[in-house]
Amino acid sequence: MKQIIIVIGIILLVANLLFGLILPSYEVFNLFVSSLVIVATTALLFCLNVVTLKDGFKISLHVLFSILGAIEFVLSLFSSKTFENNWFLLVIVLSLAVQSIILLITNKVSTKIK
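Note that the UniProt record's numbering numbers the sequence shown so that position 100 is 100, with each residue one more than the last.
What the hints contain is simulated information worked out from the structure, not anything from laboratory work. Check each hint, because a few of them may be wrong.
Unchecked claim - Simulated crosslink set (BS3-like; lysine-lysine; CA at most 25 Å straight-line):
(1) Lys-81 with Lys-2
(2) Lys-54 with Lys-2
(3) Lys-112 with Lys-54
(4) Lys-108 with Lys-54
(5) Lys-2 with Lys-108
(6) Lys-112 with Lys-81
(7) Lys-58 with Lys-2
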């Protein structure tokens, strides 16, 4: 499963980079942010398979992180081209932070459940 996640992440990253080269309306800033979203989501999904979690947590977090990653990707496409006052970028960073915290908490809880 770990290899599948990495391969899918690489395919999505390459496709995103190709879209950036092909589409002139795809700004470099948005390409950079969307690529980071793909890498971060892939890393979170990979971490789900590395840490020890109960199956219920693993399945539900895979679905949750994938959906949130897709939402973050769409937000990165519509974000403004600057770091200043970029609410979309703020939501993306906050979402990634919350996902990381959820992963840490579920790892701790899952190890205590027998």
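Violated hints - listed by number, lowest first: Result: hints 1, 6 break, sorted rising.
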